[in-house]
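Undergrad: Sequence:
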Amino acid sequence: MINKYFCIVVVVGTILLSACSAEKTEQKVIEDKTVEDKVIVDDTTELNLIELSSKEEEGYSNFQKDLNLKHLSGLEPISIAKLYIKAGFDKKYDVQYALYTDREGYVQWSKEEDEKIPESDRGSDVQNIKQFNNIDKGAFVQTSDYEGYIEYDLGEGTNGFQMIKNEDGVWQVAFMPIQ
3 MINKYFCIVV
13 VVGTILLSAC
23 SAEKTEQKVI
33 EDKTVEDKVI
43 VDDTTELNLI
53 ELSSKEEEGY
63 SNFQKDLNLK
73 HLSGLEPISI
83 AKLYIKAGFD
93 KKYDVQYALY
103 TDREGYVQWS
113 KEEDEKIPES
123 DRGSDVQNIK
133 QFNNIDKGAF
143 VQTSDYEGYI
153 EYDLGEGTNG
163 FQMIKNEDGV
173 WQVAFMPIQ
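Residue numbers (the working numbering): 3 to 181.
Keep in mind that the hints were calculated from the coordinates and are not lab data. Virtual Cβ for every residue (Gly too), placed ideally from N, Cα, C. Among these hints, one or two may not hold up.
Quick list of simulated restraints, FRET-style, between CB atoms [to be verified]:
| # | residue 1 | residue 2 | range |
| --- | --- | --- | --- |
| 1 | L69 | G159 | 20 to 26 Å |
| 2 | D68 | E117 | 15 to 21 Å |
| 3 | D123 | S75 | 16 to 22 Å |
| 4 | E78 | D116 | 21 to 27 Å |
| 5 | N64 | K118 | 24 to 30 Å |
| 6 | D104 | E60 | 36 to 42 Å |
| 7 | S122 | E78 | 18 to 24 Å |
| 8 | K118 | D147 | 15 to 21 Å |
| 9 | V128 | E153 | 19 to 25 Å |
| 10 | Q129 | E78 | 31 to 37 Å |
| 11 | E78 | E114 | 18 to 24 Å |
| 12 | N64 | D104 | 26 to 32 Å |
Quick list of in silico lysine-lysine cross-link-like pairs, DSS-like style, CA-CA up to 25 Å [said to hold, decoys possible]:
| # | residue 1 | residue 2 |
| --- | --- | --- |
| 13 | K72 | K57 |
| 14 | K72 | K93 |
| 15 | K67 | K93 |
| 16 | K132 | K93 |
| 17 | K139 | K93 |
| 18 | K93 | K57 |
| 19 | K113 | K94 |
| 20 | K167 | K57 |
| 21 | K67 | K167 |
| 22 | K67 | K57 |
| 23 | K139 | K57 |
| 24 | K118 | K57 |
| 25 | K113 | K72 |
| 26 | K94 | K167 |
| 27 | K118 | K139 |
| 28 | K67 | K118 |
| 29 | K139 | K113 |
| 30 | K167 | K113 |
| 31 | K94 | K72 |
| 32 | K94 | K118 |
| 33 | K132 | K67 |
| 34 | K132 | K72 |
| 35 | K67 | K94 |
| 36 | K113 | K93 |
| 37 | K167 | K72 |
| 38 | K94 | K139 |
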């Protein structure tokens, strides 16, 4: 009789451990996704990660080599925002900082201060996927000669992502860009 209950407990325990292990594996798959994949965050939400065009890929690749804004010349504001988001997913915070505006009066913290921001304060991949979902399908609204924002639908309402054009005519990300 005791052997029967013992066997049942062992079988149930094994099933529970297997289920927990499978859940961890699914979470790991989400964390390992690249910026070109789709992620299912929960049973009801499928989010597309940002894909870069060949022109954006080339600009991103060249820009991260020397952080020279000339590589971004000719890119539209939405493209610049996509590069900023990709740099965040790639954990290339120096590249991400270099995409912030350098226009006088708009800089809010230094590169040195940015380097001190802990990883935990930069948001998880899942949080960032949710926050920037559909930004590539948004519309840029220019509000002045050198200011504007990308309006995009999160699926739960619209969001805005602020952009500032620098003195050389290159669009850059505003500090704290989410409106």
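Undergrad: Confirm or reject each hint.
TA: Against the structure, the hints come out as follows:
Taking the beta carbon of each, L69 and G159 are about 34 Å apart, not inside 20 to 26 Å as hinted. Take D68 and E117: their Cβ atoms lie about 18 Å apart, and the range 15 to 21 Å holds. Taking the beta carbon of each, D123 and S75 are about 32 Å apart, not inside 16 to 22 Å as hinted. The given range of 21 to 27 Å is respected by E78 and D116, whose C-beta atoms sit roughly 25 Å from each other.
Between N64 and K118 the beta carbon distance is about 28 Å. The supplied range of 24 to 30 Å therefore holds. As the Cβ distance of D104 to E60 is approximately 22 Å, the hint placing it in 36 to 42 Å is violated. For S122 paired with E78, a C-beta distance near 32 Å fails the hint of 18 to 24 Å. For K118 paired with D147, a C-beta distance near 34 Å fails the hint of 15 to 21 Å.
For the pair V128 and E153, the supplied restraint of 19 to 25 Å holds, since their beta-carbon distance comes to about 23 Å. At about 26 Å, the beta-carbon gap between Q129 and E78 misses the expected band of 31 to 37 Å. Separated by about 30 Å at the C-beta atoms, E78 and E114 break the suggested range of 18 to 24 Å. Checked against the hint of 26 to 32 Å, the C-beta distance between N64 and D104 comes to roughly 18 Å, which is inconsistent with it.
Between K72 and K57 the alpha-carbon distance is near 14 Å, which keeps this suggested pair within the 25 Å criterion. For a cut-off of 25 Å, the pair hint linking K72 to K93 stands: about 22 Å separates their Cα positions. About 15 Å separates the Cα atoms of K67 and K93, which keeps this hinted pair within 25 Å; it holds. About 17 Å separates the Cα atoms of K132 and K93, which keeps this hinted pair within 25 Å; it holds.
Only pairs whose Cα atoms come within 25 Å are accepted, and K139 paired with K93 is accepted, the gap being roughly 23 Å. At roughly 21 Å between alpha-carbon atoms, K93 and K57 fall within 25 Å of each other, so this suggested pair holds. Restraint check for K113 and K94: satisfied, since their Cα atoms lie roughly 13 Å apart, inside the 25 Å limit. Taken as a hint, the K167 and K57 pair is honoured in the structure, with Cα atoms around 20 Å apart against an allowance of 25 Å.
A C-alpha spacing of about 22 Å is found between K67 and K167, which places the hinted pair at or below 25 Å, so the restraint holds. Using a Cα cut-off of 25 Å, the hinted pair K67 and K57 holds, with the two alpha carbons roughly 16 Å apart. Among the hinted pairs, K139 with K57 is consistent with the structure: their alpha-carbon atoms are about 17 Å apart, no more than 25 Å. Between the alpha carbons of K118 and K57 the distance comes to roughly 32 Å, so the proposed pair goes past 25 Å and is violated.
Pair hint K113 plus K72 holds up; C-alpha atoms about 20 Å apart against a cutoff of 25 Å. A threshold of 25 Å between alpha carbons decides the hint, and for K94 with K167 the separation of about 22 Å falls inside it, so the pair holds. Proposed proximity of K118 and K139 is contradicted: the alpha carbons are some 33 Å apart, above 25 Å. Among the hinted pairs, K67 with K118 is consistent with the structure: their alpha-carbon atoms are about 22 Å apart, no more than 25 Å.
Only pairs whose Cα atoms come within 25 Å are accepted, and K139 paired with K113 is rejected, the gap being roughly 30 Å. Of the supplied pair hints, the one linking K167 and K113 holds, its CA atoms being roughly 19 Å apart against a limit of 25 Å. For the given pair, K94 sits about 19 Å from K72 by alpha-carbon distance, which is consistent with the 25 Å threshold. About 14 Å separates the Cα atoms of K94 and K118, which keeps this hinted pair within 25 Å; it holds.
Restraint check: the Cα-Cα separation between K132 and K67 comes to about 29 Å, which exceeds 25 Å; the hinted pair is violated. Of the supplied pair hints, the one linking K132 and K72 is violated, its CA atoms being roughly 31 Å apart against a limit of 25 Å. With a C-alpha separation of about 11 Å, the suggested pairing of K67 with K94 holds against the 25 Å cut-off. A C-alpha spacing of about 15 Å is found between K113 and K93, which places the hinted pair at or below 25 Å, so the restraint holds.
This hinted pair checks out: K167 and K72 have alpha carbons roughly 13 Å apart, not beyond 25 Å. Between K94 and K139, the direct Cα distance comes to roughly 24 Å. Compliance with the 25 Å bound is thereby established for this hinted pair.
The structure is inconsistent with the numbered hints 1, 3, 6, 7, 8, 10, 11, 12, 24, 27, 29, 33 and 34, although it conforms to all the rest.
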